[in-house]
Each structure stands twice: as structure tokens, then as C-alpha cells.
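Generate the whole structure from the sequences, applying the supplied hints.
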Amino acid sequence: MSTFILLTLTGLGLAALYFLVASGLSLVFGLADVLNFAHGLFLSVGAYATWWAAGHLPGAGPTGFGFVLAAAFGVVAGAAVAALVELVLIRPLYSRTIEQVLVTVGLSLAGVALLQATWGADPRPFPRPEWTRGVTGIGGANIPNASLLLVLAAAAVLTLLLLFLRFTRVGLVIRAGVENREMVTALGIDVRKAFTLVFAIGGAAAALAGALGGVYLGSVSPAQGGSLLIFAFIVVVIGGMGSVVGSAYAAVAVGLLQQFVNYYGTAGLGDICVVALLAIVLLVRPQGIAGRAVTA
Amino acid sequence: MTEPILKVDDLSVRIAGLHILQGVSFTVAPTGVTALLGRNGVGKTTTLRAIVGLTPRGGEVSGSASFGTVDTLRTPTHRLVRAGLGYVPEDRCVFAGLTVAENLRLAERPGAAPAYDRVFALFPELAKRAKQRAGTLSGGQQQMLAIGRVLLADNTLLLVDEPTKGLAPKVVTEVAEALEAVAEEVPVLLVEQNLAVVRRLARDAVVLAAGKVAWTGAASRLLGEPELTKALLGVGSAGVHA
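In the order they appear, the protein sequences are chains A and B. First residue of the first sequence: 1, per UniProt numbering; consecutive thereafter. First residue of the second sequence: 1, per UniProt numbering; consecutive thereafter.
Read the hints as simulated data drawn from the structure, not as lab findings. For every residue, glycine included, the Cβ atom is placed at its ideal position computed from N, Cα and C.
Not everything, but these chain B residues come out facing chain A in the computed CB check (under 8 Å):
#	residue
1	R57
2	H78
3	V81
4	P89
5	R109
For each label pair, taking beta carbons as the anchor points, the in silico distance ranges come out as:
#	chain 1	residue 1	chain 2	residue 2	range
6	B	G166	A	I272	44 to 50 Å
7	B	A113	A	G218	55 to 61 Å
8	A	D190	B	A127	26 to 32 Å
Structure follows, in C-alpha cells:
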């Protein structure tokens, strides 16, 4: 029983990481029709900015409130880079899908190369607050606190996103834009402003995933963002483009499946099962769990 | 002679290699309803979408469309709408996942008080169904919502694309009555296949054929001459009433 609880909660921790990356990716694709292969870069920016801030930013540090400040710096950096990418690189290419893919793939490769050139390719030890190194006993299982932190953070982000989408005018514009962007424009709304905001929100969530992923894994390396992005894309497709709630369901399914199969089967089999799940969803329900509509 | 509210000049649209509109020119009077007619596929919807800046990606548009001092072909859609050009698209295009109230709230324009009284006076059903998801409304109710959205703001011209398409005869009459009331306040460029509705609403008519203007004149004259109607629209006009 304790093994089951351990696998469930660590699986949910993994799901939380996927959700933080996938939620922004899903909204960006649902609203702006942009397949953003540079989304993993926002995660890396968040991770490296947090790591840098913990050592250099006045008031920030590796523990306590200092770490919160460092992570907040990382999140702001991720949001700023995402907004900049949208304004400078994506905006001129909204009607050119192939060029968008080329630019975002290129940016992702260039971003990793830049991080490697600046801080090296080897993983760097990540600042980990004391509490996140410990475990909490739940139902006889010792759950890593870092997993619990990820789950709590993802739940908070999900709640805030849903409240934002449900109760603000910009949220309303985003929900409508995911359904029919052209019609939003035909009601006199400059939907491009919402694009920038959605990029920034997605960048912030991915950067938070970078900061907390660093705590979870204990290190930060330039290629982390790219490897997580693959599973985030799978989560987006399974959950349904543009659906935050769909991404949450799909992230939980993928995280748990990976954790359980990797434990009870051969290591690595979980990843294959996730791809199989993706194939089944595409065959049975191509629009994903929640289709295109944003559920708020 | 009064100045037209919209002047379309030499409008051409090419989409995916097809020359859909080939030098279309016409005007819309500052009052009443001008009907844009023609057989299926002649480019009526393409004309409206080009005027409001919604030609599909990759489409090439040339010519001009003057809406007051604004050339609509060179102005972003959201700015045209804020300048008073209301657009009711074909197939309604309500946001199915949003409630009726949210659909209407989206159409509110910054700096202008939304005219909910006007909308609910014309379509009381919308007030009753404010919390209902628009996707669960009947076709007629969705059409009322689509028209209601543009009426929330003060417009100087409405472009309305096939508002009675796919509706039951009773609902067609209701929508026609609503449009009749709307047209007393604001001029309308109406694309419509239902000639009974055209007879009831339109004062002027523009007929497209093969991407060009084939005929312009009084709607009553077009529909009053069965042979002319049949030649231009491919259908008889006898016995059309709404």
C-alpha cells in the first residue's frame, strides 16, 4: 500500500511538472495556432534565472524566503523572455506556420547553445531549500517534499488560471479566441494583445516548472527544457489544444502511467506506454479529452 | 443625391489561385437595406469578408472599399468594427462554449455604454437565457444572439450575411422582423438567399454573377420582374412573402 501511495504522489509530482509546461503551451496553440517549440527554453530560462538569482540577487538565496525571491525572479524572467519572443519573432509570422516552426525550433536550439556557452553543458547543483530535501510520511510512505511542492504549485497555478479565464475580461477574450479567433476580431477586439499575454503567462508557468523542476531533480542543465517539452506536447495533444483543464487531466494520466509502468515494468517502458496512450487518444478522440474549448 | 455609406470600387479577391471577385464595384445607401444577391458561389460572402478584412490567409485583395474616410481593405478588422462597421457572419459564429451573457459581454466596446436595453427589447429571449451556453441555443436563438452582439454598440453600417440560412419558416419571419426594426436605425448590407426576406427588407439590390456585378437597381424592380429574377438569380420570384 505504501508503495502505491509513493508511486501515486511522485507520479502526481511528475504530472505537476508536465502540467506547468503544458498549460501555457496549450493556451498558446489554442489561441494563436502557434506550435511553440521554444517553450522549453522558457523553462530553462526560469531554471537558470532562479539558480543565478539564488547566488547573486540581493535578498535572494538558496533557502527560505530567499529561495521564494529567487524563484519569483525566475518566473518574471521566463514571462519577460516569452513576451519578447512573441513580440519580436512570432508576431510577424502569424500567418506563416512553417516559418513559425523553423523560428521556434531554431530559437530553442540557439537558447540551449547559449546556456551551454555561458554556464557549460554539465548539470549544475540547484539551490534546494532545506524542507524540499526531506520527506513527509503519508499512509506509511515517505513522500519527497519536492514532489509535494510541485503538486501544490501546479494546483495553485491551475486554480489561478481558471479564475483568470473565468472572471476577467482578458480571460473571456482568450476563451472566445480559442473557439474562434476571427470572430473575436470581428467584435472589435485586438486579439493580438491577448496573444502576448498568453505567451507571458505560459512563459511564467514554464519558468516556475524550471525553478521547481530544479528543486525536484537537484540540478539544472541546458537540455532539461527540451526533454520535458516532448512530454508536455504529448500532454497538450491528449488534453486537447487550448484546454487548461484537459492539460491537467492529461498530465495526471501521463505522470501516473509513467511512474507505475516504470516501477512495475522495465525502466523506460513507461515512456513507451505514454506514446501508446497518445496514439490511442489520437485514434479514438483526435481532439483530445477536452477538445478546443477552454474550460474555466 | 446623398453620399453612400460604403463605396466598393474595383474589388478583386483571389484565393488559392481562384479569382473569386473580379473588379466588383457598388455602393450602399446611408439608409435602409441594400441586398447583395446572386447564385451560390458567386462571391457574396467573399465580398463581405473582404470588406471587413477577413479574407482567408493567403488571399489577395485589391481595389478599395471606402467606409466614410476609412479604406476598409487597408484597416485591421478590429479598428473597422470600433469605427462602427458591425458584422454578422454567415452561420452565426456564436461562441458555443460561452454563455449568452458572455457572448454579449465580449461585444461591449471600451469607452461606450453597451445598449443592452436595445438588444433585449428586440430579443427578450436573450435576457431570459443569459446563463445558457450559446452552443445549446436553437439556430434562431443563435442568430438573435449574433445580431444582438452587434447591436450592443452604435454602428453606422451593418454587414449581415445570410441571417435566415437554415432557419424554420416561423423563425425566418422573426429574424426578418428584427432586421426590419434594426434597418430603421442603421443601414444594412444584406446577403440573403431567401427572396421573401429580400422583398420585405431591401430597397436596393446588387446582383453578382461569376465574380462581377451583373445588375444594380431597386430590389422591387428585380423581384417584380420574374424573368429578370430568373435570369439573374436562377429562381422565380412569384409568391415570395415573409
